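Chains as they are written, first to last, in my numbering: chain A, 12 to 400; chain B, 36 to 173.
To be clear, the hints were calculated from the coordinates, so they are not data collected in a lab. Keep in mind that the hints are not guaranteed to be accurate.
[Said to hold, decoys possible] Simulated pairs of lysine-lysine, DSS-like, Cα-Cα distance not exceeding 30 Å:
hint: 1; chain 1: A; residue 1: Lys240; chain 2: A; residue 2: Lys168
hint: 2; chain 1: A; residue 1: Lys168; chain 2: A; residue 2: Lys193
hint: 3; chain 1: B; residue 1: Lys153; chain 2: B; residue 2: Lys45
hint: 4; chain 1: B; residue 1: Lys66; chain 2: A; residue 2: Lys270
hint: 5; chain 1: B; residue 1: Lys66; chain 2: B; residue 2: Lys45
hint: 6; chain 1: B; residue 1: Lys63; chain 2: A; residue 2: Lys270
hint: 7; chain 1: A; residue 1: Lys186; chain 2: A; residue 2: Lys314
hint: 8; chain 1: B; residue 1: Lys76; chain 2: A; residue 2: Lys270
hint: 9; chain 1: B; residue 1: Lys159; chain 2: B; residue 2: Lys173
hint: 10; chain 1: A; residue 1: Lys168; chain 2: B; residue 2: Lys76
hint: 11; chain 1: A; residue 1: Lys314; chain 2: A; residue 2: Lys277
hint: 12; chain 1: A; residue 1: Lys270; chain 2: A; residue 2: Lys314
Note that the structure is a prediction, hence the values are computed from the model and not measured.
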Amino acid sequence: MRGEVAVIGVGMTRFGEHWDKQLRDLFVEATLEALEDARIDLKDIKAMFIGNMGSGMWVEQEHLGPLLADYLGVPGIPSVKVESACASSGMAFRLGVLAVASGLYDIVLVGGVEKMTDVTTPESTHHLASAADREWEAFYGVTFPALFALIARRHMKQYGTTREQLAKVAVKNHKHGSYNPKAQFQRPITVEEVLSSPLVADPLRLLDCSPISDGAAVAILARADIARKFTDTPVYVLGSGVGTDTIALHDRDDITVLKSVVLAAKEAYSMAKVEPRDINVAEVHDCFTIAEILAYEDLGFAKKGEGGKLIDEGVTELGGRIPVNPSGGLKAKGHPVGATGVAQIVEIVLQLRNEAGKRQVPNAEIGLTQNIGGSGASCVVHILGARRR
Amino acid sequence: MRVSSMSVPKSPRIWQLAERRYRLIGTKCLKCGRVFIGPRKVCPQCGSRELQDVELPRRGRIYSYTVVRAPPMERENYGPYIIAIVELENGCKLTTEIVDCSPEEIDIGTEVEAVFRKIGEESKSGIIYYGCKFRPVK
Chain A
12 MRGEVAVIGV GMTRFGEHWD KQLRDLFVEA TLEALEDARI DLKDIKAMFI GNMGSGMWVE
72 QEHLGPLLAD YLGVPGIPSV KVESACASSG MAFRLGVLAV ASGLYDIVLV GGVEKMTDVT
132 TPESTHHLAS AADREWEAFY GVTFPALFAL IARRHMKQYG TTREQLAKVA VKNHKHGSYN
192 PKAQFQRPIT VEEVLSSPLV ADPLRLLDCS PISDGAAVAI LARADIARKF TDTPVYVLGS
252 GVGTDTIALH DRDDITVLKS VVLAAKEAYS MAKVEPRDIN VAEVHDCFTI AEILAYEDLG
312 FAKKGEGGKL IDEGVTELGG RIPVNPSGGL KAKGHPVGAT GVAQIVEIVL QLRNEAGKRQ
372 VPNAEIGLTQ NIGGSGASCV VHILGARRR
Chain B
36 MRVSSMSVPK SPRIWQLAER RYRLIGTKCL KCGRVFIGPR KVCPQCGSRE LQDVELPRRG
96 RIYSYTVVRA PPMERENYGP YIIAIVELEN GCKLTTEIVD CSPEEIDIGT EVEAVFRKIG
156 EESKSGIIYY GCKFRPVK
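Whole structure, please, built from the sequences with the hints as guidance.
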């Protein structure tokens, strides 16, 4: 499958609080941008895969496949919603890649969308908890910040990871976000601001957490052998991997390792025939600052327990050896959960096309995305390349 | 407070697990020995289908903990509360609330014991649901 599918166009809305827009408006907006980028017409799209975590809970609307095909003016084509909590659109992307690689379709649309800000924060907190085990975790009052706080406290205890190291992840990503016109937050912050922000779930504070957001992101995929008919800068899918783990954190031997990430990364690296040191730029799932430290370790950028060192040494900043989350990540760019996976793809595609403006990683040729669902019960990793082989 | 139709667990789901929650019944894999809090027919560790219900030990130690200060809607008026993963004496881990103490009184490794408590209520006129929380052993 390596190199057989290419991304020929991308689009996304700004992430943030779109109080005046509906879910379908956001998706149509992102799609029209992607179609313009790919210089194709809607009638060229043969199928749609749409990542979304919880439209039924947040806006009481399911059946997004036909709804969005209808509102894009292409009722009739196969169109389906894909759900894997916060990894929904990373999974939708993978299914789109498989659909093209199988030979069934030559061009497909993959996207993600979430509309979260029409309800109160406690309601969103409740809905998000459906990505955990409702009966054996959420029933007792668990929230997502709480699950990652449990992980953070163990990581600090087992490896000596410090509060300041966690804060530096947020500081880095806000700095990167300040270069991204589509980010929800475009204001740099300081370590002191993170450490004095209100506690959400000890030891995690407000500025350790990604925000509640609205937004949509879309990518157009085509068979690699026809990609150049549409664009001079196709970006090739070199590797794709998926892993899962127990739904509840408490059923894992060691909660400081996300096994789903290790499994997904192994599959993706092996398919792409690359190693962690070959990656020039990465977009990882920093739903909470600790999650980015885990990503460094479970993706092989650092040894287990040494993720904190990478942030101390500036390795993952723009200008460092392997810039991580140049878009601002989930922390600053925003985290409309079902849209996040494809938004990561959008950023890596812009980076590999050398179109990322002030946040461009020079000479980036191979990029990676890592999108996790829940507390790591699912993970999808993709490796993209500016060249086919 | 806004009331949503999806705000709380529904009676059938509460009843389905009530006995297990009240009596702290878990599942043990007879092949690999692993013990789980939830009812299971297949062991996620070794794939065995030989599992048996077992009463879980009521004592254990805190494996990790946090204080939830931004609660979900069904606990909006409940105030900050401690959530922990507790490792029971037989190695089974579970997620629970820690009560009858302040966060300063506990740490990873603190010994705790199960207590039967109210967990929440379906709605003002709905059923009240119960389960085990844990408290430090004095």
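Tested hints:
1. Between the alpha carbons of Lys240(A) and Lys168(A) the distance comes to roughly 54 Å, so the proposed pair goes past 30 Å and is violated.
2. For the hint pairing Lys168(A) with Lys193(A), the CA-to-CA distance comes to about 37 Å; that exceeds 30 Å, so the pair is violated.
3. Of the pairs offered as hints, the one joining Lys153(B) and Lys45(B) holds, with about 16 Å between alpha carbons and a cut-off of 30 Å not exceeded.
4. With a CA separation close to 23 Å, the supplied pair Lys66(B) and Lys270(A) stays within the 30 Å bound.
5. Our distance criterion of 30 Å between C-alpha atoms is broken by Lys66(B) and Lys45(B), whose separation comes to about 35 Å.
6. A hinted pair counts as satisfied when its Cα atoms are at most 30 Å apart, and Lys63(B) with Lys270(A) qualifies at roughly 23 Å.
7. Only pairs whose Cα atoms come within 30 Å are accepted, and Lys186(A) paired with Lys314(A) is accepted, the gap being roughly 26 Å.
8. Of the supplied pair hints, the one linking Lys76(B) and Lys270(A) holds, its CA atoms being roughly 23 Å apart against a limit of 30 Å.
9. Straight-line distance between C-alpha atoms of Lys159(B) and Lys173(B) comes to about 35 Å, which puts the hinted pair past the 30 Å bound.
10. Simply put, Lys168(A) and Lys76(B) have alpha-carbon atoms about 34 Å apart, too far for the 30 Å limit, and the pair is violated.
11. In summary, the hint linking Lys314(A) to Lys277(A) is supported, as the alpha carbons are separated by about 15 Å, within the 30 Å threshold.
12. Restraint check: the Cα-Cα separation between Lys270(A) and Lys314(A) comes to about 14 Å, which is no more than 30 Å; the hinted pair holds.
In this structure, the hints that do not hold are numbers 1, 2, 5, 9, 10, in rising order.
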